[in-house]
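Here the sequence shown is numbered in the UniProt record's numbering, starting from 1 and rising by one per residue.
Some hints could be false.
The list that follows gives simulated cross-link-like pairs (lysine-lysine, PhoX-like), each with its CA atoms no further than 25 Å apart [said to hold, decoys possible]:
| # | residue 1 | residue 2 |
| --- | --- | --- |
| 1 | LYS343 | LYS358 |
| 2 | LYS144 | LYS157 |
| 3 | LYS157 | LYS415 |
| 4 | LYS484 | LYS77 |
| 5 | LYS77 | LYS415 |
| 6 | LYS358 | LYS399 |
| 7 | LYS358 | LYS415 |
| 8 | LYS343 | LYS298 |
| 9 | LYS423 | LYS331 |
| 10 | LYS423 | LYS399 |
What the hints contain is simulated information worked out from the structure, not anything from laboratory work.
Given the structure is predicted, the values throughout are model-derived calculations rather than measurements.
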Amino acid sequence: MAEISNSPPTSNPVEENTQTPKTTRNTKPGVKRLIISVTVLFSFILGFPLLWKSVKIYRAPLPFDRVDSFSSQIESKPLSFPCRFLAIFIGFDFMVSNGNVGAAIERKMSDLSHGGDCGGCGGNYSVSVAVGGGGIDAVDFGGKLRGNDEDADELVKSVVSEYGGGNMYSVVVVNEEGEVRSVVGKHRHAWIVGRVEEEEAVWRAAEIFVEVFVNGRDEEGSVRSEFMPVGADGRIVLSFSLLNADPRDWIYDWNFREIDETLLWPVIEALQPIANITVESQVLYHTPKSSFSNWDDKHGSHIFRTEDLPFFVNSNEWHLDTSVAAGGRSKVLQLVVYIPSAKECPLQLELSSGEISKTNGFISPMWGGVVVWNPRSCIKDLESRDPVRHTISSQDLQKLFEVLMGQLRQLLGLKSDNLYVGKSGASILLGSERGFTEWELDVLSRKHICFNLQSCATTLGSLSRLVQSLPRMIIMDEIGKQVKFSLEAAKSAQSNASIGIYDASAVSSRQSRSLAEDAFFHPSIMSISYYSFEHCFAIYSVCP
1 MAEISNSPPT SNPVEENTQT PKTTRNTKPG VKRLIISVTV LFSFILGFPL
51 LWKSVKIYRA PLPFDRVDSF SSQIESKPLS FPCRFLAIFI GFDFMVSNGN
101 VGAAIERKMS DLSHGGDCGG CGGNYSVSVA VGGGGIDAVD FGGKLRGNDE
151 DADELVKSVV SEYGGGNMYS VVVVNEEGEV RSVVGKHRHA WIVGRVEEEE
201 AVWRAAEIFV EVFVNGRDEE GSVRSEFMPV GADGRIVLSF SLLNADPRDW
251 IYDWNFREID ETLLWPVIEA LQPIANITVE SQVLYHTPKS SFSNWDDKHG
301 SHIFRTEDLP FFVNSNEWHL DTSVAAGGRS KVLQLVVYIP SAKECPLQLE
351 LSSGEISKTN GFISPMWGGV VVWNPRSCIK DLESRDPVRH TISSQDLQKL
401 FEVLMGQLRQ LLGLKSDNLY VGKSGASILL GSERGFTEWE LDVLSRKHIC
451 FNLQSCATTL GSLSRLVQSL PRMIIMDEIG KQVKFSLEAA KSAQSNASIG
501 IYDASAVSSR QSRSLAEDAF FHPSIMSISY YSFEHCFAIY SVCP
């Protein structure tokens, strides 16, 4: 029997032949590698300007030094306007020379002035004195001045013109028997007639010079932004609205073309140096007020009070902001005539003193004004199914316009009354058919010049700091030109103001502010998101 063996078969081991690869190069790099390296290096050097140009931000040069100098000048040294004053004394026998009388007036004016506020004359003024008036008889001349004020105004103008006239502010004091009467004309002069002592005459003349001609009866004598309702583009839109509270009672319309052509045009022409004014009008219906009124038996009318004024304007129902002319940064002033419904007619405004307002209207600074006009008959025609249509008469329209122009004066920072009460006495103020006298236009021009130049300096200073803080901001050539022209217009305004040319200075200051605003709010600045240079470099240098 065969024997089976369980031992595993034997096999000859196989040896693996493993070899370690050699990684060290024994020979130097050849010319080919050197050429490749140099080519890559030169390609980077040649391509870097293209890369830099592709990520470079264009920045037009801005005159930062001029902007900083202009801003510092406006801030540290308020603009001072040159003012010339003339005091003519008739019927006086001063024991001192004219120069000493002028020095006394200057001392009184210095005591009354508000310091170095912009918009005034500061210390940049001169006072001339004339005694005797060239042989004018005090009694005869005083009698003429006590007559018709319009005739007296022209008479004083002719007398003052012999001493130079022009932009010089003058006060004529006539010492004669009778009650003292002081009147400020519609040009640049005033007259005082009556029995006055020499010291009182000096005091009265100085007070009229400072408080009326220079400060415009403003107790603070400063430039306040809430009474500068001119848009950043130098425009004002006067929007006149006639509101019929309930047309089911009655419907009133107006002949606004008559107002525009005969009454408004002189006002717009007078204010032309200060602002570019456009006018529009509309008639609205179903415009009830928001506040409530109460019947008052004492006055026989419905009463709304001063505490109700903030709630009078109904923003939900009064669709006043429909102007298509007020594009950009123009300012719209609303001048509203409100006709109440039959159930609230007549409607009258009660002042805080308990008296009924003579104008029956109110203003809201920087917004506009409202006048409540009650129809002559507040009885509704119950027999008529359709509402009765009326047109406001020319007489009523003129009265409404006078009230609205008084409100416009207040919105511009002037007083609407015709009486000035000072420390030395009261003075009657003559009005002008243009709505603004010459000396009032001077006051408005000086204040708007200061406000425009201060706004221009603030805007350009902010733009300068913004541009320097963001090195990646794109500065277009148009922005650089606007900044340059703004500075030139501001320089022209300062130059004209320094020689007393108010109209040209007001126009230039308006342009300087408008150009500065255009540069700051340029679309290329407002619409771009800025990022750091490191972010830009990372985007262009990272390879996939």
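Now for the hints, and whether the structure bears them out:
1. LYS343 <-> LYS358: holds (22 Å)
2. LYS144 <-> LYS157: Status holds; Cα separation ~13 Å.
3. LYS157 <-> LYS415: holds (24 Å)
4. LYS484 <-> LYS77: holds (22 Å)
5. LYS77 <-> LYS415: Cα-Cα ~28 Å, so violated.
6. LYS358 <-> LYS399: holds (12 Å)
7. LYS358 <-> LYS415: Within the cut-off at roughly 15 Å; holds.
8. LYS343 <-> LYS298: Roughly 18 Å separates the two Cα atoms, so the pair holds.
9. LYS423 <-> LYS331: violated (37 Å)
10. LYS423 <-> LYS399: violated (33 Å)
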